[in-house]
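> Respectively, the protein sequence lines represent chains A and B. Heads up, the first sequence is in our numbering, so the first residue is 77 and it goes up one at a time. Heads up, the second sequence is in our numbering, so the first residue is 519 and it goes up one at a time.
There may be inaccurate statements among the hints.
[Stated by the list, open to error] Below, a sample of chain A positions facing chain B; criterion: calculated Cβ distance under 7 Å:
{"hint": "1", "residue": "Gly-585"}
{"hint": "2", "residue": "Leu-586"}
{"hint": "3", "residue": "Lys-623"}
{"hint": "4", "residue": "Val-646"}
Derived by calculation from the structure, the hints in this document are not laboratory data. Glycine included, C-beta positions come from ideal geometry on N, C-alpha and C.
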Amino acid sequence: MDNICVEDMETIHEFLVESDENLSRLDQDLVELEKHPQDALLLGSIFRTIHTIKGACGFLAFTTLEGITHQAESILSQLRDGERELTPELVSLILETVDATRKVLASIEESGKEGPLRFEALVERLSLAAQSAISVEQPVAVGDMMPGVVMDGLVFEAIEGTSFVSAVAQAEKPIEDEITQSAEGKDDEVKRHSAAADSNIRVGVGLLDKLMDLVGELVLTRNQILQFNSEGEDPALNATSQRLNLITTELQEGVMKTRMQPIGVVWNKLPRVVRDIAVDLGKQIRLEMDGPETELDRTIIEAIKDPLMHLVRNSCDHGVESPEARVAAGKPAHGTLTLRAYHEGGQVNIEVGDDGAGIDVVRVKRKAIEKGLLSPEHADKLSEREALRLIFEPGFSTAQSITNISGRGVGMDVVKSHIEKIGGVVDISSRFGEGATVKIRIPLTLAIIPGLVINSGGERFVIPQVSLLELIRIDEDSPGKLIEYVHGTPIYRRRGRLLPIAYLNEVLGLKTADRAEAVSMIVLQAEDRQFGLVVDGINDTQEIVVKPLSKQLKGLTLYAGATIMGDGRVALILDVLGIGQCSGVFGETREAARMPENQRQQPEIEQQRLLLFRAGSFQRLAVPLSLVARLEEFPQSAIERAGGGQVVQYRGRILSLISLRSVLEPDSPCEEAADPVQVIVFHEGDVNMGLVVDQILNVTEESITVRQRLDRKGLLGSAVVGARVTDFLDLSEVIRSAKGSWPPSAHGNTNCKRVLVVDTSAFSRGMIRGTLEMAGYVVLEAENLSEAMRKLEQQQIDAIAAALDLQANGDSALLVALHGRSEWSRIPVLALVDTEHSMMALNARKAGFQDCQAKFDGPLVLASVARMILPEALIETSPAYLGEAR
Amino acid sequence: MATEKALKVATSHTTTQFSTFFVANLFFGVDVLHVQEVLRSQPMTSVPRAPNVIEGLINLRGQIVTAIDMRRRLLLPTRLGDHPESMSIVVRTADGAVSLLVDEIGDVLDLDPSSYERPPDNLGFAARELIRGVYKLKDRLLLVLDEERTADLALGKAI
Numbered sequence: 077m078d079n080i081c082v083e084d085m086e087t088i089h090e091f092l093v094e095s096d097e098n099l100s101r102l103d104q105d106l107v108e109l110e111k112h113p114q115d116a117l118l119l120g121s122i123f124r125t126i127h128t129i130k131g132a133c134g135f136l137a138f139t140t141l142e143g144i145t146h147q148a149e150s151i152l153s154q155l156r157d158g159e160r161e162l163t164p165e166l167v168s169l170i171l172e173t174v175d176a177t178r179k180v181l182a183s184i185e186e187s188g189k190e191g192p193l194r195f196e197a198l199v200e201r202l203s204l205a206a207q208s209a210i211s212v213e214q215p216v217a218v219g220d221m222m223p224g225v226v227m228d229g230l231v232f233e234a235i236e237g238t239s240f241v242s243a244v245a246q247a248e249k250p251i252e253d254e255i256t257q258s259a260e261g262k263d264d265e266v267k268r269h270s271a272a273a274d275s276n277i278r279v280g281v282g283l284l285d286k287l288m289d290l291v292g293e294l295v296l297t298r299n300q301i302l303q304f305n306s307e308g309e310d311p312a313l314n315a316t317s318q319r320l321n322l323i324t325t326e327l328q329e330g331v332m333k334t335r336m337q338p339i340g341v342v343w344n345k346l347p348r349v350v351r352d353i354a355v356d357l358g359k360q361i362r363l364e365m366d367g368p369e370t371e372l373d374r375t376i377i378e379a380i381k382d383p384l385m386h387l388v389r390n391s392c393d394h395g396v397e398s399p400e401a402r403v404a405a406g407k408p409a410h411g412t413l414t415l416r417a418y419h420e421g422g423q424v425n426i427e428v429g430d431d432g433a434g435i436d437v438v439r440v441k442r443k444a445i446e447k448g449l450l451s452p453e454h455a456d457k458l459s460e461r462e463a464l465r466l467i468f469e470p471g472f473s474t475a476q477s478i479t480n481i482s483g484r485g486v487g488m489d490v491v492k493s494h495i496e497k498i499g500g501v502v503d504i505s506s507r508f509g510e511g512a513t514v515k516i517r518i519p520l521t522l523a524i525i526p527g528l529v530i531n532s533g534g535e536r537f538v539i540p541q542v543s544l545l546e547l548i549r550i551d552e553d554s555p556g557k558l559i560e561y562v563h564g565t566p567i568y569r570r571r572g573r574l575l576p577i578a579y580l581n582e583v584l585g586l587k588t589a590d591r592a593e594a595v596s597m598i599v600l601q602a603e604d605r606q607f608g609l610v611v612d613g614i615n616d617t618q619e620i621v622v623k624p625l626s627k628q629l630k631g632l633t634l635y636a637g638a639t640i641m642g643d644g645r646v647a648l649i650l651d652v653l654g655i656g657q658c659s660g661v662f663g664e665t666r667e668a669a670r671m672p673e674n675q676r677q678q679p680e681i682e683q684q685r686l687l688l689f690r691a692g693s694f695q696r697l698a699v700p701l702s703l704v705a706r707l708e709e710f711p712q713s714a715i716e717r718a719g720g721g722q723v724v725q726y727r728g729r730i731l732s733l734i735s736l737r738s739v740l741e742p743d744s745p746c747e748e749a750a751d752p753v754q755v756i757v758f759h760e761g762d763v764n765m766g767l768v769v770d771q772i773l774n775v776t777e778e779s780i781t782v783r784q785r786l787d788r789k790g791l792l793g794s795a796v797v798g799a800r801v802t803d804f805l806d807l808s809e810v811i812r813s814a815k816g817s818w819p820p821s822a823h824g825n826t827n828c829k830r831v832l833v834v835d836t837s838a839f840s841r842g843m844i845r846g847t848l849e850m851a852g853y854v855v856l857e858a859e860n861l862s863e864a865m866r867k868l869e870q871q872q873i874d875a876i877a878a879a880l881d882l883q884a885n886g887d888s889a890l891l892v893a894l895h896g897r898s899e900w901s902r903i904p905v906l907a908l909v910d911t912e913h914s915m916m917a918l919n920a921r922k923a924g925f926q927d928c929q930a931k932f933d934g935p936l937v938l939a940s941v942a943r944m945i946l947p948e949a950l951i952e953t954s955p956a957y958l959g960e961a962r
Numbered sequence: 519m520a521t522e523k524a525l526k527v528a529t530s531h532t533t534t535q536f537s538t539f540f541v542a543n544l545f546f547g548v549d550v551l552h553v554q555e556v557l558r559s560q561p562m563t564s565v566p567r568a569p570n571v572i573e574g575l576i577n578l579r580g581q582i583v584t585a586i587d588m589r590r591r592l593l594l595p596t597r598l599g600d601h602p603e604s605m606s607i608v609v610r611t612a613d614g615a616v617s618l619l620v621d622e623i624g625d626v627l628d629l630d631p632s633s634y635e636r637p638p639d640n641l642g643f644a645a646r647e648l649i650r651g652v653y654k655l656k657d658r659l660l661l662v663l664d665e666e667r668t669a670d671l672a673l674g675k676a677i
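In isolation and in its complexed conformation, chain B is listed as follows (with noise of 0.2 Å):
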């Protein structure tokens, strides 16, 4: 059930390796000391009246893990039409284990810390609270997710 992508072989020790996500347009890194695996989607018990960002619990090797759902956590549309299934990414917070409900799983990433920016003005609200900061790639933006401020729900405006 568990994937694993292979890992890139670091250039240098200034570097820092992210492992990277698509949640609709958006590409989000988090640190690879952050993550503790990816996954294809699991049994998901629902928990009715939970916040609507929760997706769900699952159980990973006897430990219970809550699921949140990025793209509701972002305040972003559903996904339509057929779509391939979600995958997610399990993040350690200073509480426990986290599953990230996203579109896609990207590829892990080694970068340098001199491309590191503060985050642009013009994105969007909900992605603001939850970003520590931005990689400028080659033809994109890399978004440095903050994953205790994401896991917090009382933060970033969860609905």
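Extracted from the complex, chain A is given alone in its bound form (with noise of 0.2 Å):
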């Protein structure tokens, strides 16, 4: 074929993408038809792909190829007949026949023609092959597998001098050298295919890539229109720019998903390459895949092919033992290869995962050392974590050899370029002697993402939408909407949760705005860690496209790219996780501010404020500030004496009050009482209290673990507060032991209600009873549940609150045992946490509880008993005198 006419060239182009496909689908059922030799289906597949490739190739003249695969499908053709059996060399061989082929194929494509090679030595072990079909008793197939030259020594016995063995047997050292090279040579191949079809897309890429770049421009321009718009009043105007928008949206969506495709296209390739290595190295190693459905755009999918080649040959070469050592150390002989993708959170996480022998910190410490990477007294202080990440340093290698699969001189500090040139990070993580997963997270689209416009210290950024939770506005009006500060760090309470805060302005070190009084908050998330980010304004959201930063600010980690805005200016896009780093709201390690997992972890400890005060001899008294009403000063003169106790009068009502010293120290001598008297009131649905005290000294902010049970009266217990010892009220009994009959029992609206409170701590009993008891419930306590079961014999309890307590498969076991009872079946009973979560309130609510609530929260402890016990009845709030209480 001199002459190659322009027809000639077209349907040249056309067998050369059919085959190309061919040759893919070949390897993996090639790959397949090892696992499962007597899949009559695989085997036909495979019979007709060669048949077609054979075929067209005698019609175009080809006779090299037509001579190749004419050999090999008389092989197939034997197989499929039943007159011979799979063995793993003869997959070897019709694979290196498909690597000829594609050899060929390659050279056709560049020159018309079929190329010099001529594969005689190929093509002569074919028909030596073809020739002697030999049907051993026993197909081996894979799993049973011995590395290659032991099964050629069995086979040898089982079959004596057969002309085929010892053909394979003399061939032996040419196959292993083809192979290594066609294992090398095949991802180069690859790229140059990909000039003539790429996966299944018909339509050059070239081409959606220019479309991609328009429709990028198209929405830049569109917010130019928007913008010039937003400032008219033109309706005309107005309704084409709407129409303008809603087609730019659609045409911007449709493209990108011309250009998703699924991870499946670069996974389809790795099955051969993970199982011409394992036969290279006498492994055995099996691939899973994971969500090979997940959707990437293409240009991610262009970026992570080799770096997950890479990452699939280190797992080969480096990461799983040979079979004996795996069955030396009691794991299963072939090595498990995972491969994981799954969206989550507008970000793809891969993962490639093995079950080998993990890395070995100390040896990449010592390696680290070795090159001069940081020096030994560093090494020391490295977390595991942080000396896992030493892997991704350039110069490094631990490989004892480089050898030729994996070792080409590039090292996983290119892979992590790779990655974050696409804008995703690459992390690893390890169990020596178990395994080691490399995690990729990576952005899913590149280049239009919606973003919401913010300023800062007089300039305007952008924060890409996918991680913003929430936008909170905080002022001094709205109360119980504070940032707060812990041992000097600003922190929000949001649902419960302290979240860590970074002022925008500080962390880009631009001039603060005057104090105001209304704050605006973005809460971010990055990764699995969120915090608040305090600007000085929020603008809107919009779409815009990313365009990545010159390499000069590459290295800037605050920032993900930038754009250009509708009104023709930059702005620049800020990287969450970055802003996040830089602020220190994470702190050194990244345990700091996670997010809790698993509600059976151990859970926060809920930082309490407390009212820190003295009486008496105690010098360090504390009470749950959620419980106090107002601090109060009164003259002496003020007080009156009433009913057989001090009252003084009090915003319209007579408020009753109590010498702490008195009820703690009740033999001491009388004091001249300080003049003002110090009062904490407390003020509980229709009952107030005063307590005199000597000094309020002040409140703080702790998480309370006690560490004392006191046997004293009118005292919880003792703990460390601010660095002191300070004891903690039993404010119930206080109040009771005062007033003797208190708290009534025949008032209010809770008509004697029994309230069961079930918990271990007994401090924090404590505290629940000296809520309820002051709303007039009648309150009875129980340590565990049989303590709890035991009281629920001996009374009439008509609701429960109890410490949470699921058990693995998510039932409580109070709960469990409850229901056992017909009679005790209908009580109402309310989960208490040391920290809300939803999740828990939600898992509560499943087992069966009626409401979770936070121990330590009075009121709202208080309301959600009240609703259990009398769901219909209002809550009256209205005060009573306490004269009537008598």
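Join the two chains into one complex using the hints; note that each chain is given alone, in its own frame.
Below you can see the structure in the form of structure tokens.
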């Protein structure tokens, strides 16, 4: 065919494209077939594929190709007709044929001719193999496969002196060379072939890229028009720009969809690669794929192809151990390589994991010191996680020898930079002896994302919407929405959880606006950590085209890119993770602001605000601030005597006073009371009580862990607060003992309802008891389930407030016990937790609890109990004069 | 916004044409083939926490270009007093276009390679890092700027 006319060119092009697809499929099918040698459907499909190629070759007079494929076809025909059994050597041989075919096709694509290679040796082997069809007694499935050499040895014994086996044994060396060569050359070939066909898209990808660029520019222009229009009043222009808006959005979505491909497209090449490496190294490796249908933008797929290949090779080469070593370690002889891909939170997660030897952190550290990457002292201080990350440093390689397979001067640092170039992050986790997993996270679309426009320090920035959780406006007028300071760090209480806060102006070194009354805060999430970012102002959400930063700025972790706004000016896009790290909200270790994953893990100990005061010889007493209504001061002259005790007129009511000192230390001599008198006022429902103390000390915020339970009347126990030992007041007991029959049992709208409080912590029980008794409930306590059941048997209980006790199967032992008895099954139960978390509440309700509250949130606990007991009644809060209480 | 200076007619094949500019009392030239355009001052978006030499980012017909202040790059003091607005010369590098902020734009010069020399020793330290060579002109020295090195902030001991 010297003269190739245009029609021929078209035909050849078609042939190349089709064959490329066919060969890809052959790769996969053959590897599958090896696992299931009896699969007739697979065999048939493979046969047909080769037959098709052979036919086309004949038609186009590609004689070399025809020769190769003809032989392969014969062998396959024998297999299909059951005249022979499949052996690993046979599979290797056919795969070799596939590779040879690819080489010839590449040559054809370049020059239109088959090229100089004739593959005589291959053809010879193929025809030998075809001629001597052997049936072996026991076909060996891959699972039992012994490494190449040994296998041959076995076969040798079973079937002596057969020409096939000797041909294979003789040809062993050339096969090895060719396999190694082809394994290496494969990548280059794949790249070359992408010119002819790229997976299953028949549209030229150059065209798709061009479309994407144009859409990007269109979005920018639309933004500009919208900007002009927002200032204008022309209705016709309005309508047209709206329409333009809609069309652009749809066009953008459509084009983005065309560029999405399932990651399986990249993964499909890997079974063959893994198989070849395994055979080469004498290892047994199984490849599992989870999530091949996960779709990614084409550019991402292009970018991660090489890194993925490298990671897979790495795992096969350095990760998975030899079968002997694995068995010796008590593992199954075959290693498993797992590929996983899934979408999460606007990002794509790709994992390459193996159950191999894992990473020896000691060796990593040693290597790093050798390479001069860090000093021995520094290495000592590294956590395991930080040590693992050393692998990503340039110039690092722990392979004993840089093997042909994975160490072509390409290291993990290149993988990292490849991934980071497209805005992704890569991390590695490992358990020594058990395996290692490399995790990659990449943003879903590179090009066009929705973003929130904010301004700070006189500059305008954009925050990717995907990282945005909530916008909160904090102003002094809204109670309970405050920025608080814990050990000097600003935090914000969001739904019971503490959120660390960063100020964007500080992070960026911009001038801070004058302290305004209201402050705008954005709740952001990066990976699984959350924080609040205070900015000067929030504008609106826009779709922006992300343009990468130039080389000079790439190193700045604060920014993810830049974009051109509607007015033509450039705006920087903030990198949420970078901002979090730079501001220090994430702290030294990654554990600092992490979201709780599982309620059953150690929950955060809620910080409690405490009122500190002293009375009598008790220098430091504390009571939860949530129970305190007000702190007051009365002159001695205001105190009057009534009903056998001291009272004072207070806000239109009569406030009964209790001298704490006389309750705690009844025998101490009566000292001259201070003037003015310090009073802590408690107000629960219709109850008013004033506790006279010597001095109010402070309000502080601490997490409470009661260290010691005291058997002292009026005290719950003691704990360290503000670095000093502090006694905790048992408020209810104090009030009760002062008033004798306190709390009144036949008053209020609680009508002597009995509530059982179940909690292992005496302190917690005391707190909740105090809250409930103040509201007029009769409270019983139980430390555990058996005690609770005892109390239930003794008395009529109207409601239970119990610490949440969910077991692994989601059930609560308490509820199970309650439902076991018909007379108890109707009792409403409130679940108490240390920190309220929506997941917890959900799980609690699922288990059968009526409600779930944080145990230290007095008012909410009270409201819940009231609701549970009297669901239809309205809760009255009208005060009653204490005079009536008698 | 873009201003182009008229090109002088090349007199022979062997001469090279240079776009020239002034930074303080230094006279620089860049091969015209590496120059994309010359601009007046542009609306600039500053980049907080970026290296000091980076003046900011500009929008060049939809392309986001980094602007480098040449005085800071060369460790020279900032211009004092009243001065006309800075000009920019946009050069092409391997990693994309970069805008160099300079004091003044000079003429396009046709230079004979025979007058090309190695940089003299008495050149300031920062300048020497960024220069390829010099041309001895009648009344002054033309420093041939290496735009790749200039744009590479790791080099030249930039602040």
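> Hint by hint, say whether it matches the structure.
Hint check results:
1. Gly-585: holds, 6 Å
2. Leu-586: Holds, about 6 Å.
3. Lys-623: At about 5 Å, which falls below the 7 Å cut-off, the nearest Cβ of chain B leaves the hint on Lys-623 of chain A intact, so it holds.
4. Val-646: holds, 4 Å
Checked against the numbered hints given earlier, the structure satisfies every one of them.
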